[in-house]
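2 protein chains.
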Amino acid sequence: MNKEIDALNVADLTYNEAGLIPCIVQDASTKDVLMMAWMNAETVQRTLDERTTWFFSRSRNKLWHKGEESGNVQRLVELRYDCDADTLLALVEPAGPACHTGQNSCFYRSFDL
Amino acid sequence: MNKEIDALNVADLTYNEAGLIPCIVQDASTKDVLMMAWMNAETVQRTLDERTTWFFSRSRNKLWHKGEESGNVQRLVELRYDCDADTLLALVEPAGPACHTGQNSCFYRSFDL
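Protein chains in written order, with my numbering: chain A, 1 to 113; chain B, 1 to 113.
This is chain A alone, in the form it adopts within the complex (with noise of 0.2 Å):
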């Protein structure tokens, strides 16, 4: 894939009406995709300053680091946006299992086609 770094600000990306932007979550080494969670500017700016993701959870209305009661942080390698600058990827190292049920990564179930 090609690689561009731009002097983006983390203030310029396109926050949802709720101040969050979606952040997929891919394992650098094996690149499977492991979850998809939400950023607020505030864990964007921390995944990217501690090199580990925080995220902001809607259930909790809290900050979240991932791997903080489990132990399976996730070690950021390179922090990416799209086109739109409305979605963010995350490419990490992984501690541990992305998934609160043990599995590897969120995405374990597949439609049946």
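Hints listed in this document are in silico derivations from the structure and should not be mistaken for laboratory results. The structure presented is a predicted model; accordingly, all values stated were derived computationally and were not measured. Each residue gets a CB set at the ideal place from its N, CA and C atoms; glycine is no exception. One or more of the hints may lead you astray.
[To be verified] Dumping the calculated SDA-like pairs for lysine to any residue here, alpha-carbon to alpha-carbon at most 25 Å: (1) A:Lys31 to B:Lys31; (2) A:Lys31 to A:Arg109; (3) A:Lys31 to B:Ala18; (4) A:Lys31 to B:Pro97; (5) B:Lys31 to A:Val73; (6) A:Lys31 to B:Asp112; (7) A:Lys31 to B:Ser29; (8) B:Lys62 to A:Leu20; (9) A:Lys31 to B:Thr101; (10) A:Lys31 to B:Glu93; (11) A:Lys62 to B:Ala18; (12) B:Lys31 to A:Thr101; (13) B:Lys31 to A:Cys83; (14) B:Lys62 to A:Asp84; (15) B:Lys31 to A:Lys62.
[Stated by the list, open to error] Computed beta-carbon distance windows for the label pairs: (16) B:Glu17 to A:Glu50: 30 to 36 Å; (17) B:Gln45 to A:Thr30: 41 to 47 Å; (18) A:Arg75 to B:Asp86: 23 to 29 Å; (19) A:Ala18 to B:Ala28: 28 to 34 Å; (20) B:Asp86 to A:Lys62: 14 to 20 Å; (21) B:Pro97 to A:Ser70: 36 to 42 Å; (22) A:Ser70 to B:Thr14: 30 to 36 Å.
Go by the hints and put chain B onto chain A.
Frame of chain A; chain B shown alone:
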């Protein structure tokens, strides 16, 4: 990645207040994440029935068959859903670039770490 086939109905997915669910699109061969777009129940069903991605355009407020104009359709290989059933992951074989800029993936820019 483990894989389970479930008899989930399209209506059983969790849609947001606007009746939409985010869908991550990944190249089934290269595993590059290509784009993220929104589906409603009707476009999830069409995607499954026609084995090509359909989305709901929030800006144009209409159904959108990916590649309809550009020819860059995405043949559906697998449609996964996450543990909460509120996010989809479509594995596809793309006929051409996913991004309107001509880039293969919409995620061609990164923050400078």
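Holds or violated: B:Lys62 to A:Asp84, with C-alpha atoms at most 25 Å apart = holds (19 Å)
Going straight from one Cα to the other, do A:Lys31 and B:Ser29 come out at no more than 25 Å?
-> Since the Cα atoms of A:Lys31 and B:Ser29 sit roughly 11 Å apart, the hinted pair holds (cutoff 25 Å).
Could one say that the CB atoms of A:Arg75 and B:Asp86 fall in the range 23 to 29 Å?
-> This hint holds: roughly 26 Å between Cβ atoms.
Taking only the CA atoms, is the gap from A:Lys31 to B:Thr101 under or equal to 25 Å?
-> Roughly 23 Å separates the two Cα atoms, so the pair holds.
Taking 25 Å as the top limit, are the C-alpha atoms of A:Lys31 and B:Asp112 close enough?
-> holds (21 Å)
25 Å Cα cutoff - pair B:Lys31, A:Cys83 | holds (19 Å)
Take the C-alpha atoms of A:Lys31 and B:Ala18, compute the straight-line distance between them, and say whether it is at most 25 Å.
-> violated (31 Å)
Below or equal to 25 Å on CA atoms is what counts here, so check A:Lys31 against B:Lys31.
-> Roughly 6 Å between the alpha carbons, so the hint for A:Lys31 and B:Lys31 holds.
Pair hint outcome, B:Lys31 versus A:Thr101 [Cα-Cα no greater than 25 Å] | holds (23 Å)
Are A:Ala18 and B:Ala28 spaced within 28 to 34 Å by their CB atoms?
-> holds (32 Å)
Go ahead and decide if the range 36 to 42 Å is satisfied by the Cβ distance of B:Pro97 to A:Ser70.
-> Holds: the Cβ-Cβ distance is about 38 Å, inside 36 to 42 Å.
Determine whether the Cβ-Cβ distance between B:Asp86 and A:Lys62 falls within the hinted range of 14 to 20 Å.
-> Cβ of B:Asp86 to Cβ of A:Lys62: about 19 Å, so the range 14 to 20 Å holds.
This entry does not satisfy hints 3, 15, 17, 22, going by the numbered hints stated previously.
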